[in-house]
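Residue numbers (the working numbering), protein chains in the order written: chain A, 1 to 372; chain B, 1 to 324.
If you are wondering where the hints come from, they were derived from the structure by calculation, not from laboratory data. From a predicted model like this one, the values you see are computed outputs, not experimental measurements. Don't be surprised by glycine CBs; every beta carbon is placed ideally from N, CA and C. It is possible that part of the hints are untrue.
[Unchecked claim] Simulated crosslink set (BS3-like; lysine-lysine; CA at most 25 Å straight-line):
no., chain 1, residue 1, chain 2, residue 2
1, A, K184, B, K46
2, A, K47, A, K275
3, A, K76, A, K184
4, A, K184, B, K34
5, A, K296, A, K284
6, A, K76, A, K243
[Claimed, not checked] Computed list of chain B residues with no C-beta within reach of chain A, every gap over 12 Å:
no., residue
7, R19
8, D20
9, G133
10, K223
11, F295
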Amino acid sequence: MEATDAMTVIEADGGSNGYDPGLSDEELLHCYRTMLLVRAFDDTCMKLQRSGRIGFSIPNLGVEGMQVGAATALRKDDWIFPCYRNFGMALYHGISPVDMMHNMYGNSRDSAVGRQMPVHFSFIDPIHWVSISSPIGTQIPQAVGAARAFQLRGEDKVCLTSFGDGGTSSLGFHSGLNFAGVWKAPIVFLCQNNGYAISCSSEQQTASESYAIKGKAYGIPGVKVDGNDLLAVRRAVCEAVDKARAGGGPTLIEAETFRMGGHSTSDDPTRYVPKELVAEWAAKDPVDRFERYLGKRGLWKSGDRERIYGECMQEVGDAAKVAQSTDAPGLETIFSDVYADLPDHLRRQGQAAFDLASRRGDAATGGGAFPL
Amino acid sequence: MANLTLVQAVNDGLATVMRDDPSVIVFGEDVGPKGGVFLATENLTKEFGEQRCFDTPLSEDGIIGTAIGMAMNGLRPVAEIQFQDFIFPAFDQIVSEAAKLRYRSGGQYTAPMVIRTPYGGGIRGGLYHSQSGEAYFCHTPGLKVVIPSTPHDAKGLLIAAIQDPDPVLFMEPKALYRSVKGEVPEGHYTVDLSTLRTVQEGDDVTVFCYGAMVPVAMKAAVKAQEQGIGVHVVDLRTLLPLDEEGVLEAAKRTGRVVVVHEAPRFCGYGSEISALIAENVIEYMEAPVKRVTGFDTPFPNTLEHHYMPDERRVLDAIEQVHNF
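Given the sequences, and given the hints that come with them, work out the whole structure.
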């Protein structure tokens with residue numbers, strides 16, 4: 001596969017170019033439902049943010065197909081080192097919307113205990129979804145290190161790390177791919193090329209002919225795939241995962257897709273994304289594409305989308321209610337988990353914070369409107 | 001007991017813990033067959049194989065980033081940064097990632113790892129082979145910062161650091177690598193982190209120091225004793241988390257304090273010691289705290305002996321606080 005040609009599978013009429021994804025009907029429908037669950041989660045979070053119930057959210061409209069397609073290639077004992085616009089992979093593997101909602105609210109049942117902004121999920125079960133950090137690309141060499149650990153122990157597990165087009169400019173992209181190439185580490189690098197890094201277009205991001213071709217300089221094959229074609233992404237990631245598992249080393253996959261919304265709930269993409277571009281990509285919608293494939297296989301009929309999306313909205317709405325009625329973390333959680341054991345100076349600082357609260361009342365909640 | 005230099009003690013510590021724990025691996029630039037530019041990792045590849053002690057590409061960000069991933073996935077990496085001056089490409093990985101991983105994941109993910117790096121002047125290394133950057137890292141919750149000054153402590157603290165559940169920056173005073181020798185127990189032992197070492201007791205002036213400044217402070221203390229000034233010399237050993245109670249006790253003991261470090265003064269570690277004393281035990285103080293430090297300049301090459309605190313400068317400060 002030439003790095004500049006994006007591989008596709010799903011044809012205009014819903015055919016699959018002779019490719020058999022090897023997924024059962026239930027698995028295919030799970031893929032479909034997961035994409036709609038991502039949309040339901042996004043739509044719900046947008047409303048919660050606009051009504052002031054949560055502070056921030058990161059929308060995924062347009063990129064759900066590549067997330068779910070990639071997730072299908074992984075086993076539960078593989079590790080995912082994601083970025084913040086990736087959570088379709090988590091939902092596919094059974095991370096529950098309610099656990100995600102706890103993070104959106106930053107409450108006491110959030111795995112990050114309210115310490116992170118929303119969408120910075122961390123999970124270890126049912127799959128390792130490594131705690132997300134806001135700095136771009138830092139997870140890439142970490143994923144290589146975790147993959148190296150699998151390799152050194154002789155385990156057949158792999159890591160998949162995902163990052164955006166902007167992430168390819170980061171220090172971590174360079175060091176991560178360089179180390180992985182040298183070590184032949186069992187890892188898949190998944191570049192979610194969604195057109196913009198906040199407002200920076202690909203033309204401003206790189207002069208390279210593609211992101212996929214960047215692998216070549218590290219001795220890593222680069223594959224470019226149609227990111228709105230769930231099955232094409234599955235095919236590319238499966239091949240890369242199988243190769244990595246068998247000791248064949250890393251692969252860089254560029255999934256070409258498009259972020260149909262803003263960078264976040266705080267962003268107005270109409271200031272910098274041409275309308276024509278949005279219209280062009282709307283015609284390539286990943287859910288529409290996958291529906292056609294399901295229809296051809298007799299797994300989809302008119303009305304299914306509305307019904308399933310409605311179920312997803314109900315599930316996510318219920319999750320939001322649970323999260324909203326869950327208490328905020330206690331003051332002591334500011335001081336815990338800094339170290340395995342609470343050092344004396346933090347014990348004293350914590351005690352002083354409690355003493356002050358008992359003498360002068362609690363601190364007032366700030367406005368906290370996130371500007372970006 | 002063996003009589004070892006400080007760098008030999010580091011090597012012995014690494015080998016000891018690697019024999020005990022197969023999850024401990026060592027990597028960095030030139031640490032493999034060459035044994036590191038200071039030979040701190042000499043013979044480790046030979047004894048443990050290239051799966052457990054290996055060279056990496058020349059990329060500090062990659063060394064620390066991959067170490068974090070290994071640490072979260074069951075290994076105990078000991079990563080070497082060849083000179084502390086070169087650590088800054090990895091600053092993001094250390095400060096924003098390793099140090100915050102436990103906190104931001106509610107303990108689901110942790111980074112039990114050690115970053116070993118030689119720091120400090122005295123080898124005519126100029127701007128970029130001489131710096132003492134401990135203050136940057138001591139401002140980082142979630143990180144531990146350890147600096148030994150004797151062969152015994154170097155081995156014992158290093159083993160404790162490798163066994164610690166949190167990331168530890170282990171800064172080795174390169175000026176002392178071969179200039180100090182001492183008795184080092186064979187086999188496994190640890191020196192507890194976050195404990196001070198009283199180098200010598202005295203009742204007139206307390207000197208806080210660490211790393212390569214400990215022998216300098218001791219020389220000055222001997223000279224002071226000739227004038228009848230008893231100097232209480234404290235080696236801080238772990239800068240973060242600091243044994244604050246121990247520092248305050250040692251300050252109260254004499255009421256006269258000198259802090260010595262090679263790093264620049266402004267926002268240096270001495271500032272924290274001074275503030276700690278001012279906030280907590282000022283009523284015991286008989287004189288203002290005096291800091292003896294590097295200048296607030298980059299580290300010079302030809303004139304490094306003027307830049308680094310020496311016996312003259314420490315003695316001068318001891319006399320000033322004593323005679324205040």
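A quick look at each hint next to the structure:
1. A/K184 / B/K46: Given pair A/K184, B/K46 holds - Cα atoms ~23 Å apart, limit 25 Å.
2. A/K47 / A/K275: Satisfied, since the Cα-Cα distance of roughly 24 Å is no more than 25 Å.
3. A/K76 / A/K184: holds (22 Å)
4. A/K184 / B/K34: holds (23 Å)
5. A/K296 / A/K284: Holds. A/K296 to A/K284 sits at ~18 Å (cutoff 25 Å).
6. A/K76 / A/K243: Roughly 18 Å between the alpha carbons, so the hint for A/K76 and A/K243 holds.
7. R19: holds (17 Å)
8. D20: Given a closest Cβ separation of 18 Å, the condition holds.
9. G133: holds (19 Å)
10. K223: holds (34 Å)
11. F295: holds (29 Å)
Violated hints for the displayed structure: none, as all numbered hints are satisfied.
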